[in-house]
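Student: Chains C and Z, in that order, are what the protein sequence lines are.
Numbered per the working numbering, the first sequence finishes at 417, counting up by one with no gaps.
Numbered per the working numbering, the second sequence finishes at 436, counting up by one with no gaps.
Any given hint could be a false lead.
[Stated by the list, open to error] Interface residues of chain Z toward chain C, partial, derived using beta-carbon atoms under 10 Å:
(1) N39
(2) K43
(3) G114
(4) F119
(5) Y122
(6) R312
(7) G313
(8) S320
(9) L342
(10) L347
(11) K351
[Claimed, not checked] Pairwise CB distance ranges, derived in the manner of DEER restraints:
(12) I231/C / Q362/Z: 28 to 36 Å
(13) I30/C / E411/Z: 50 to 58 Å
(14) P337/C / D215/Z: 46 to 54 Å
(15) V14/Z / D374/C: 42 to 50 Å
What the hints contain is simulated information worked out from the structure, not anything from laboratory work.
Glycine included, each C-beta is placed from N, C-alpha and C at the ideal position.
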Amino acid sequence: MIKKIVCVILLLLPQISFAKNNEKKVQECILQNGVRVVLHEDFKMPMVVIGIVFHLGKAEAPPNKFGMIDLIEKKLINSELHDVFYDLGINYCTSSDYFCTKIVASMNPESARDFFIQMCKVMLEISVEDLEICKKQLVLEYKLSSYCGQDALANNIAANVQFSNGNTLPMFQEQELNSITESDVKLFYKNNFRYCPVTVIVSGAIGYKSLLKMLHNSFSNLPRRRARSSIPLATSSLKDVLLENKFMGNAIIYAYALSPDENMKFGNFFDHILLHEMKKYFNGIYKIANCSLDDIGQNGWSIKLITLERRSTVSLEGLSDIYRAFIKRICALGISPESLKKVAARKRVYDCITFANLGDAYHSMLYECLANRDINGTYFSADGLEAINLKEFRAFVENFFQQNALFKIMTKFKLDN
Amino acid sequence: MKHKKLKIVTSIAVIALISIPIFLKNEKRSLEVVDVSNNMGIKTSLVYVNSGDVIYVRCKFKNAGVQCNSVEKHGISAVTSRMLFDKIHGLSYVEVLEKFADLGIWDFTRSTCGEDFYFHFYVTKAMITDALKFLSHAFSDTNFSSSYLEYIKKFYPSILDVETSAPQDLLRQRLWSMLYSNSVYGMSDTGSSRSISGLSTKDIQDFVRNTLRRDNLDVVFVGEISRFEVDDYLKILFAGLPETTKLEKFRFETLKDDLSAETEAVITRPNLHDVVCVMTGVRIDGLSNMEKAALKTIVEGIFNAKTGDFSRGLRRRNISHNAFCEVIWGDMSNVFFISVFLAKKDLENYKKYLYEKFAEYQQTLDLGALEKAKNYLIKISCNGFSLQDLDEKIETTSFPYDEVAEEALEEMMKKLFDQSRLRTVIIGDIAQDQSL
Numbered sequence: 001m002i003k004k005i006v007c008v009i010l011l012l013l014p015q016i017s018f019a020k021n022n023e024k025k026v027q028e029c030i031l032q033n034g035v036r037v038v039l040h041e042d043f044k045m046p047m048v049v050i051g052i053v054f055h056l057g058k059a060e061a062p063p064n065k066f067g068m069i070d071l072i073e074k075k076l077i078n079s080e081l082h083d084v085f086y087d088l089g090i091n092y093c094t095s096s097d098y099f100c101t102k103i104v105a106s107m108n109p110e111s112a113r114d115f116f117i118q119m120c121k122v123m124l125e126i127s128v129e130d131l132e133i134c135k136k137q138l139v140l141e142y143k144l145s146s147y148c149g150q151d152a153l154a155n156n157i158a159a160n161v162q163f164s165n166g167n168t169l170p171m172f173q174e175q176e177l178n179s180i181t182e183s184d185v186k187l188f189y190k191n192n193f194r195y196c197p198v199t200v201i202v203s204g205a206i207g208y209k210s211l212l213k214m215l216h217n218s219f220s221n222l223p224r225r226r227a228r229s230s231i232p233l234a235t236s237s238l239k240d241v242l243l244e245n246k247f248m249g250n251a252i253i254y255a256y257a258l259s260p261d262e263n264m265k266f267g268n269f270f271d272h273i274l275l276h277e278m279k280k281y282f283n284g285i286y287k288i289a290n291c292s293l294d295d296i297g298q299n300g301w302s303i304k305l306i307t308l309e310r311r312s313t314v315s316l317e318g319l320s321d322i323y324r325a326f327i328k329r330i331c332a333l334g335i336s337p338e339s340l341k342k343v344a345a346r347k348r349v350y351d352c353i354t355f356a357n358l359g360d361a362y363h364s365m366l367y368e369c370l371a372n373r374d375i376n377g378t379y380f381s382a383d384g385l386e387a388i389n390l391k392e393f394r395a396f397v398e399n400f401f402q403q404n405a406l407f408k409i410m411t412k413f414k415l416d417n
Numbered sequence: 001m002k003h004k005k006l007k008i009v010t011s012i013a014v015i016a017l018i019s020i021p022i023f024l025k026n027e028k029r030s031l032e033v034v035d036v037s038n039n040m041g042i043k044t045s046l047v048y049v050n051s052g053d054v055i056y057v058r059c060k061f062k063n064a065g066v067q068c069n070s071v072e073k074h075g076i077s078a079v080t081s082r083m084l085f086d087k088i089h090g091l092s093y094v095e096v097l098e099k100f101a102d103l104g105i106w107d108f109t110r111s112t113c114g115e116d117f118y119f120h121f122y123v124t125k126a127m128i129t130d131a132l133k134f135l136s137h138a139f140s141d142t143n144f145s146s147s148y149l150e151y152i153k154k155f156y157p158s159i160l161d162v163e164t165s166a167p168q169d170l171l172r173q174r175l176w177s178m179l180y181s182n183s184v185y186g187m188s189d190t191g192s193s194r195s196i197s198g199l200s201t202k203d204i205q206d207f208v209r210n211t212l213r214r215d216n217l218d219v220v221f222v223g224e225i226s227r228f229e230v231d232d233y234l235k236i237l238f239a240g241l242p243e244t245t246k247l248e249k250f251r252f253e254t255l256k257d258d259l260s261a262e263t264e265a266v267i268t269r270p271n272l273h274d275v276v277c278v279m280t281g282v283r284i285d286g287l288s289n290m291e292k293a294a295l296k297t298i299v300e301g302i303f304n305a306k307t308g309d310f311s312r313g314l315r316r317r318n319i320s321h322n323a324f325c326e327v328i329w330g331d332m333s334n335v336f337f338i339s340v341f342l343a344k345k346d347l348e349n350y351k352k353y354l355y356e357k358f359a360e361y362q363q364t365l366d367l368g369a370l371e372k373a374k375n376y377l378i379k380i381s382c383n384g385f386s387l388q389d390l391d392e393k394i395e396t397t398s399f400p401y402d403e404v405a406e407e408a409l410e411e412m413m414k415k416l417f418d419q420s421r422l423r424t425v426i427i428g429d430i431a432q433d434q435s436l
């Protein structure tokens, strides 16, 4: 009997030693001041990725001061901190979109404590040094994107995203940007960024208890975060917009919105299937140069942008026909319990690989946080997929392309072609 | 009873004695890089990391990329990559995608831009054998379909059109043509329509036989696997690659130092809304790893956007800009370039600043800044976010930053800031005669 036990334990030893590396478990908590903390521990490399997400983006810029968030994003790390972070070996970047503003940094775990201490200072007060240079840089970026057509595309997307209160997303205006003063920035930051919801997402070689201790020590001075309310999006039948565009000529962008409820139930699964089917369908057709699926979401809502870029030989009508055939195919996909198992098996592999990489794990967690989905809930895992109600899902897919449609933007290199 | 208890205690002690060293050994092994000798004669490295089920595989055929194609067959590497991997084992493109998903092959990426032809992917340990068996057909089934080749040729011109639309792309192409005026290096890294349209399936077969070989193949495995497993995986994946005979040793073509006589060029483009883009480049060939480390240290120390002297100086002079600096590394040739977008009104100030600074840097060595850069690079380059980064670690940790001495930095500063080797291209709404 004892020999048998010994043999079994010896056989299990390799699995016991490395079991922790196969776990994808994400831990989270909310600090006393409302900061949400999400951590995926991974000790295979002595490295950590930390993202600080302010749930406040360009959609909430003050009236007639669009550009405020861009300026704040550029100033989030002031020039003094450049040197501090450089000496600590911290590599970072900032970004902002309509719904959130982020700082993402990578470093050795030993530098994490200092990083949080410095970030606390930034989160309390922003430097406005070199603000005029930042404005000039933003204007340059805007002008360049005007040449290529990126701004026209972004502005068109913004103009067509309508909220149920009649508001649309704001669009970049150079005069508005130049009218913003240093005191405007400081005041807006003081009244908004200091209190907006914040999520700290960490992936890497830090233990849960150590992380909490660091955050309790460094973030204790931060004021309590306010709750946010989201304004529902207005979905309607597909609106058509035609645009001349050098950046993405010969393309169609279809936009759809998922409500928080739909996003919670099916969002993750639907993305997985949609992307796979898109790649299969469109990459096999030489008339399609590129296809992509992007998501701009806020507080549970998800705005999906499906973009098809055609080769110049195909007309917009031809491209629309190809897309209609794709919709027909995906609605008839007939997800059976067997194919659901297959998708779930693929998702398990995908999650395994995603969480082997710190950066991918970070992005995966970020996506779930922005979608307001339960990080460790059933819909985040392959196990949860097998519990999906197929009848409901099928009904959802069949209706998705009609009922959830927002708008369609068609672009051409030249409008007279 | 006592005897039984003693037996149990002894067994537990034995288990502990066996398991603790195994555990400690595997923890210590983490991030270990080993060269794996094998009977296939393929240069292979293993980066051991406790990654559980996940393995990353990268395969690189050196000097088989588009930059190493002949002018007559410029782009054959890119076309070959499609012929090999788009339709494997008689399956259609879509069926191959499905097969990849079923076999757990994720992020399958291939590239032929640059000097090398490579592909890499992630796979799980449970599925790697089947995955490699499937991929091996790409190298063993070399009866290429002429109809698929015609299909590829049909859409190539539109790929090339897309690549020449943005100002940065136009700048880059022009600059490279000035840095390598008589070489494929100076041409598009996707290929040329004319040369691609003339390719036949025999050309592709010859290319595969002559250029995708064991003696120019460099393979990296990253994951929790042993050398013996690596050896087996190589045999499965590359059984289709023929053995190399001594007589046919792979030859690397040498690159001529053929900078254009023209040092500055202007591309006039209307409607750029008072923005000009300036790209300045320096080509430096044949660097050792020590020299590459020195170059990287200098670029990081002087040109990094946040703390570097160059960008700080631009801000102090109130020159509106967005600057981007990078080194394009190669075995045979490297290019350092600065790409800047400026308000048109700042062009004169910028050019004056650029040349003043280059002259200053050639004379003066700011050891403090370079020492900081070195420390920063050592801290960030030794590890990575992903298993793929750990593969790149092999390249960058072979850059011996901590061994870079003052003399090496001085030598590199002279090469890098030699104004006779500088080439500049400007794009904007300016006339041709308004050059620097």
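Student: Decide, hint by hint, whether the structure agrees.
Tutor: Going down the list of hints, with the structure as the test:
no., hint, in the structure
1, N39, "violated, 27 Å"
2, K43, "violated, 24 Å"
3, G114, "violated, 21 Å"
4, F119, "violated, 16 Å"
5, Y122, "holds, 5 Å"
6, R312, "holds, 9 Å"
7, G313, "violated, 12 Å"
8, S320, "holds, 3 Å"
9, L342, "holds, 7 Å"
10, L347, "violated, 13 Å"
11, K351, "violated, 17 Å"
12, I231/C / Q362/Z: 28 to 36 Å, "violated, 58 Å"
13, I30/C / E411/Z: 50 to 58 Å, "holds, 56 Å"
14, P337/C / D215/Z: 46 to 54 Å, "holds, 51 Å"
15, V14/Z / D374/C: 42 to 50 Å, "holds, 45 Å"
The structure fails to meet hints 1, 2, 3, 4, 7, 10, 11 and 12 from the earlier list, while all remaining hints are met.
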